[in-house]
Amino acid sequence: MSELNGQIPDNANEHCPGPDSEQAGKAEGICATQARGPDPDIPIVTERLQGIKHKILVLSGKGGVGKSTFTAQLGFALATDEDTDVGVVDIDICGPSIPRIMGCKDEEIHGAADGWTPVYVQDNLAVMSIGFMLPSEEEPVIWRGPKKNGLIKQFLKDVEWGSLDYLLFDTPPGTSDEHLSVVVTTPQEVSLQDVRKEIDFCRKARVPVLGVVENMSGFVCPGCHGESKIFYPTTGGAKAMCEELGIPLLGSIPLDPRIGKACDFGTSFTDTVPDSPATKAYLDIISKIKSLVN
Amino acid sequence: MSHPEVGERLASIKHVVLVLSGKGGVGKSSCTVQLALSLASQGRKVGVLDIDLCGPSIPRMLGLDGQQIHQATAGWKRLACMSIGFLLPDKNASVVWRGPKKNAMIKQFLTDVYWGDLDYLLIDTPPGTSDEHLAVVEYLQEWSPDGAVIITTPQAVALTDVKKEINFCHKVGLPVLGLIENMSGFVCPHCSECTNVFSTGGGEGLAGHMEIPFLGRAPIDPNLVMLLERPSKRLLSIVETYERCELSKIFKGICERLDEAL
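Protein sequences appear in the order of chains A and B. Heads up: the first sequence is residues 8 to 301, going by the working numbering. Heads up: the second sequence is residues 99 to 360, going by the working numbering.
One or more hints might be untrue.
Claimed, not checked - Computed footprint of chain B on chain A; a stretch qualifies when at least three of its residues, placed anywhere within it, have a C-beta under 8 Å from a C-beta of chain B:
1) 114–124
2) 200–210
To be verified - Only pairs whose alpha carbons sit at most 20 Å apart, straight line, appear in this in silico PhoX-like list of lysine-lysine:
3) Lys-154(A) to Lys-62(A)
4) Lys-189(B) to Lys-211(A)
5) Lys-154(A) to Lys-269(B)
6) Lys-246(A) to Lys-189(B)
7) Lys-199(B) to Lys-154(A)
8) Lys-62(A) to Lys-211(A)
9) Lys-199(B) to Lys-155(A)
10) Lys-246(A) to Lys-268(A)
Honestly, the hints are just simulated from the structure, not real lab data. Just so it is clear, CB atoms sit at the ideal spot from N, CA and C, and this is done for glycine as well.
Work out the full structure, taking the sequences as your base and the hints as a guide.
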């Protein structure tokens with residue numbers, strides 16, 4: 008093989024036998040001159056995820072709009088039904104928030120024969136986060152793109168979920184096209200601007216968008232119960248954007264300081280504060296998502 | 099790797115300050131804009147470079163949406179800005195780039211933009227510690243930027259990410275000039291009661307714990323969103339409009355403490 012290496016183009020794929028080889032054009036490897044085929048690991052990922060009925064991506068073009076909060080609360084709320092098995096995956100490498108929000112930040116991952124076993128916060132609610140694998144909560148992860156992709160793929164390949172009704176991804180878009188997505192935004196144009204880009208991306212990547220959730224939508228003062236628009240919808244908010252793009256608006260969740268508290272303490276918001284208008288909004292959105300996927 | 103062309107281009111700039119946060123949506127861009135407006139209202143020449151390639155917000159916040167290339171003058175005060183937002187064909191188009199292409203764009207921003215004489219160049223970044231951050235730190239290495247201002251919100255979830263960002267600065271040898279606690283409380287316009295929507299004090303605590311200067315605490319002010327988002331309703335220049343916003347007093351103090359750190 009070694010004398011052939013000089014003939015192999017620098018940009019050839021791994022296992023490329025080179026143009027002079029008898030295997031040229033016949034070998035398993037894909038030659039660089041051809042269009043790059045799909046990632047060979049995709050079938051493994053697909054097999055690993057086949058026991059899962061619904062895979063839902065929670066996306067947003069903008070940071071800090073409440074993706075992780077929404078994913079976690081959606082997970083908690085779906086899992087209130089004992090017969091529904093739910094998994095939550097957090098593949099935010101630079102800032103994994105799910106372990107804290109779901110109250111399992113000190114857990115570690117256990118390797119089993121079949122792969123990694125996720126952390127169970129309830130019998131029917133499994134959590135897997137990059138955060139469980141980082142050496143320390145304080146250490147930054149300074150990685151460039153390719154290294155990140157490697158870990159994300161390993162994550163999809165090696166976690167043993169078993170059979171699940173829902174797997175929720177708190178994440179940038181994944182590797183497969185059979186996912187559904189929920190897009191989270193806040194009402195102001197600065198945020199919608201980024202979210203429109205994300206929806207454009209979903210269309211390019213052929214990820215169907217189930218709908219949009221408008222988070223931090225209005226604030227009710229706990230003192231006087233007067234309502235304020237903290238992030239003012241200067242361009243009509245998510246409602247106008249959804250109409251413009253022809254996407255369903257799943258609902259609007261008002262700001263409630265108790266949501267942030269629930270996240271810091273890792274508890275289910277809808278359970279702990281059942282009387283909040285935000286809880287009602289969450290439950291409405293969740294029942295809409297359920298009816299859309301079933 | 100050495101990048102002398104970056105040094106050459108930036109030779110006429112007195113201070114280069116990066117605005118960083120490990121967490122998204124804590125107000126990096128709005129703090130960058132407020133620092134710029136505040137410095138500009140004190141008569142400094144300020145440039146804002148937006149290296150958030152996937153979600154550029156600076157053009158919108160400075161009321162420059164839809165402009166191609168730009169230079170804003172506000173009387174004798176000067177405020178210039180560069181962002182990928184000016185180069186995109188339409189505002190809904192997504193930028194789906196991987197690392198190397200991002201690096202090339204950032205390098206081009208640092209070498210090809212003619213800033214002229216500036217007192218401050220503020221660099222607004224995307225959240226995290228990834229390609230864009232490594233690229234800008236690497237290209238600026240020889241020129242040795244003054245350092246970074248860290249933005250956080252007060253709740254524990256954000257602090258965890260921000261702690262990582264501070265450790266990133268230590269690792270790459272970027273001095274931390276200080277920390278701003280943003281979205282710290284909201285004053286109800288109906289009854290003036292202050293509610294800590296995202297709790298309060300967390301940023302100051304973190305600054306103390308990490309031994310970095312605490313630059314100040316800014317509450318949520320819906321007027322800022324109105325001011326930044328409705329350029330058409332503005333009769334005065336953006337700098338003058340901002341001077342009338344309550345937050346400008348707070349940022350004046352923050353800028354003074356930043357000057358001390360420099």
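| request: State the violated hints by number, sorted upward, taking the hints as numbered earlier in the document. | output: As far as the earlier hints go, 1, 3, 10 are violated by this structure, in ascending order.
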